[in-house]
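Participant: Given next are the chains, with one letter for each unit.
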Amino acid sequence: METNISEVVMGLDTVWVLLCAALVFFMEAGFAALEAGFIRAKNSLNIIMKVFMDCTVGMLGYWAIGFAIMYGLSQGGLFGTSGFFLEGNLKHLDLGIPVYAYWIFQAAFAIAVATIVSGAVAERMKFGPYIIFSFIATAIIYPISGHWIWSSDGWLANLGMIDFAGSAAVHAVGGWASLAAVMVLGPRKGKYRKDGSVNVLPAHNLPLAALGAFILWFGWFGFNPGSTLSGLDLNIARIAVTTNLAAAAGGTMATIFTMWKYGKPDASMVINGSLAGLVAITSGTAFVSPTSAVIIGAIAGILVVVAVEFFDKIKADDPVGAIAVHGACGSFGVIAVGLFAEDRGLFFSGDPSLLLIQAFGVAVVSLWAFATTFLTFTILKKVIGIRVSEEEELNGMDVSEHGIASYCSLETEAMMQEY
Amino acid sequence: METNISEVVMGLDTVWVLLCAALVFFMEAGFAALEAGFIRAKNSLNIIMKVFMDCTVGMLGYWAIGFAIMYGLSQGGLFGTSGFFLEGNLKHLDLGIPVYAYWIFQAAFAIAVATIVSGAVAERMKFGPYIIFSFIATAIIYPISGHWIWSSDGWLANLGMIDFAGSAAVHAVGGWASLAAVMVLGPRKGKYRKDGSVNVLPAHNLPLAALGAFILWFGWFGFNPGSTLSGLDLNIARIAVTTNLAAAAGGTMATIFTMWKYGKPDASMVINGSLAGLVAITSGTAFVSPTSAVIIGAIAGILVVVAVEFFDKIKADDPVGAIAVHGACGSFGVIAVGLFAEDRGLFFSGDPSLLLIQAFGVAVVSLWAFATTFLTFTILKKVIGIRVSEEEELNGMDVSEHGIASYCSLETEAMMQEY
Amino acid sequence: METNISEVVMGLDTVWVLLCAALVFFMEAGFAALEAGFIRAKNSLNIIMKVFMDCTVGMLGYWAIGFAIMYGLSQGGLFGTSGFFLEGNLKHLDLGIPVYAYWIFQAAFAIAVATIVSGAVAERMKFGPYIIFSFIATAIIYPISGHWIWSSDGWLANLGMIDFAGSAAVHAVGGWASLAAVMVLGPRKGKYRKDGSVNVLPAHNLPLAALGAFILWFGWFGFNPGSTLSGLDLNIARIAVTTNLAAAAGGTMATIFTMWKYGKPDASMVINGSLAGLVAITSGTAFVSPTSAVIIGAIAGILVVVAVEFFDKIKADDPVGAIAVHGACGSFGVIAVGLFAEDRGLFFSGDPSLLLIQAFGVAVVSLWAFATTFLTFTILKKVIGIRVSEEEELNGMDVSEHGIASYCSLETEAMMQEY
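Protein chains in written order, with my numbering: chain S, 1 to 419; chain F, 1 to 419; chain V, 1 to 419.
Note: identical chains are not told apart, hence a pair may lie in one copy or across any two.
Within a straight-line C-alpha distance of at most 30 Å, the following computed BS3-like cross-link-like pairs (lysine-lysine) qualify:
{"hint": "1", "residue 1": "K315", "residue 2": "K191"}
{"hint": "2", "residue 1": "K264", "residue 2": "K382"}
{"hint": "3", "residue 1": "K261", "residue 2": "K194"}
{"hint": "4", "residue 1": "K382", "residue 2": "K261"}
{"hint": "5", "residue 1": "K264", "residue 2": "K189"}
{"hint": "6", "residue 1": "K382", "residue 2": "K194"}
{"hint": "7", "residue 1": "K381", "residue 2": "K261"}
{"hint": "8", "residue 1": "K264", "residue 2": "K381"}
{"hint": "9", "residue 1": "K381", "residue 2": "K315"}
Hints were generated in silico from the structure; no laboratory data involved.
With the hints as constraints, model all of the structure from the sequences given.
Facilitator: So this is what it looks like as structure tokens:
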């Protein structure tokens, strides 16, 4: 029997989405390596295990509850109510690919939101409450604001808000949730001195962090282009270009800016500069020109440096810069669509209406993420406690939470030898 | 000239299989990182080089001999005899893709089997005999049992055994071969004390091990869905979902189970829990529901912990848990098909016949892998010796086998400086 | 509306090229890890940041200038002049995919050339001049010789030179540029003793280097097969096989050769042996048989060992072996096409004409890369200086160039603790 052309189209689109989903999932490895590398060795296993919990418990949360709330039949544009455990009515999605393919792509996005927060709360948050938060984030917090933006019936979508691959839905939500989390949690011991000065707590493995950044950049080849959900949509080529150019520009500007400001190119800022470019372009990647992408990325590359300093000044201790990268640059990216979109952006159409919608939309979801995370962390703090003891923080969470250190050197090995 | 639709189908399927083959090949990086991270620093380069030998010598073995034995013209369902060096008659394969595409996908599977064993024999097996074993495993041991299961004329295939992506053909074979290998090789010096207690030999780099686990999970996006050999088979979407949910459930249950049992979530058990879920779902991934996948993964996540303890109790010293993950959970996964398969599994059809076939099939191939590996190792032991000397084991195999240590710290560097 | 079959073809080809581009881009992570692992810890962050600069500044250089020079409207086969900033006339490319898809794939190749050089100049070249070189390499040096070979109007292309995926255009160019660079730059302090003997400066993290090699090998699944620019071209299957077999043979022969020569398998030589096989097959991967690929890879696996020793003898200090791997084995690979190509190679046709063209072509582009890099480095040396001070070299470039060390151990962390 001859294959039908529509079967081929569906096959191609499914192949595309599954391979892109794999790339997005692999970003979890990038986050884990980046975050572990940026923090102290004594807490590095713990942060990796938290990211692992997003992939395990968080993924189950999105399967059991989150997907239904995000993409189920809409209740007035506020949240969905069908598709729990991937069962029940999901026909309204009207997909060109199997719903399972759609789910795995979406699930990889959902767990990224929790993972963004994991970096900000590193080095002092207890493991158990983190697992609970990861579940709540993927099952409820992210899906609800995600419904507003990405469900065809979502109220922000109906307002006309554009967020192609999630500078708002994923990054701003993750970034501002991170701010709420660290405000409830408080800074790491020893980060801010009594005289108000900042004590830089050392990154323990910058090659690992850089490897994480490369993996994240690699994963973005799936994150943004895959969001077309179709390989037939040739705009995937433009998306790949704007995504990469924004990353390139972000890293370049962070290099120049820190050379000028500090006298030396700051490695972690350069890395975060490229990530900031990626985060910022994510919203408009399908709608802006390569040149606009370079400008958006370049601005993000400076903004992230300024934002990191700002959040340090207000003592929002974020060991990996998650609030600056995802919160500040994600929000900027959503707004940038209102400026740079080729048809409706202010700079091209002269019409500020999209800009206003974008600004309003990202403000709403940021507030949502901040408020619900603040509430969740506050309740967790009261009920079971969210912070390890001072002694555990001093000795490191790898030993206190998992009973083992991340590393055992050749020298230590030799000493431990019994025979 | 207009392109024919059947050409497009073949192109799509070839693209799919090649990209999945790349993902499966990349799992070698995952194995290398996982195994190196789980063992001591002084042997970490050696284990990585062994994995590298699987990719080089092992791949040549599968090219020269293995593929012909596995997929050549069948001799009574026992083994194949055409296609050595990728030449000769392979028309009976009746593939929808070029035979070269099929080969590279299969080759990536073959080397994984040898690599599974490399982890179990880490920290004491000599390099030379390992290379020989790697060649024999990819050229003979794996291809023969693989022929039984996956050749269309294989006798187990004809019995009705189902092993979609290889819980039996790859994982049970690799896992039970590992058991045979460590029984001939003996435990590492100092692992078991005279009073019978276990001395935990330290993992030297858990972030590296975790990175390896992420890479393996990422690679499974190719391992299982790619096994359809066609991107037009929309079941790839279900396969991606069941694969991921089983991994998520395995990691989640290992977390809960070790928290309950040891008071703390054991990092290496959690990692192995997710891998156990992946291994267990591999056989039935195309035939079970997402909910069944969660149950299969959850059981594997507990089974792996119990199995690790069991093999330690019988002094089968396996530094990375390969026997538990691949042997125990692979076998369980094959049997699980007989329980959970949507059409013919016991729980859905009430008919135990598939279950009996599955149990019989996995028992046969496990026995085959165990016996042939036991024999190979015994002969190697007699003829050239398989174990490094006590002194080499004490000093570490990186230095004795390769003349160099894996790591050189900032401090050591400074001391070595001549100028 | 029914989708047209030509739309499906274009979609499939675009999906293929974008995913392969992602794999090629990810090779930057491989280079970074390989190079960092092979050098001393004190300079490891610096080398990674240089690779990061290729991805950022270098990519912008290829966007602004390089692509136009390489693929713009040809001026007499010497260089192109349209398409700056991805704008203007590019219709002559006559692509079956969007020009943006073509660009991102090509951009990932361009930055690889600069990155090859980064390894050779590691541990003593200043950061600022490196950024300038990276820009010049991706904007001018590589695009011009690339135009000769790969533009349909290029003069070497018109001569009949074959360089399928770039043993000449990428690897020989990068490799011989590396030789020029190290000749101007001079060897690292302490590498060559006054008595003429070689002082091996220690690799600081061989697991990291090996992980880099695995990533590079994985990336080659995109580098070579993706160069068809079409998933409908079923030759992608053969390309995947010849690529992998050459890598396998290169690693195998380097193992055997160093075991025979040094008594032990040299880990870094084995790794470089596989990379040498990959580099050497890249030119002919689409035109040779699997058996020929094994032979080409095997020769490269020996050649790389001999070449590393040769360049050490002439005091061309190359910490990672880039000249040997990319220069020597890349050149060999181009010539090998003239020997092993199934239709026109000397061994099959008896006609030496292709061989002569190949030898001439690779000589020309190698000379071009050597001369222009020599000139660029000489000017940079005169104008701004290219080498860090002796003191900076002694103390390590991570601290002098970025103000931070790559690593902070558990012990150092504990000492730094203020609370």
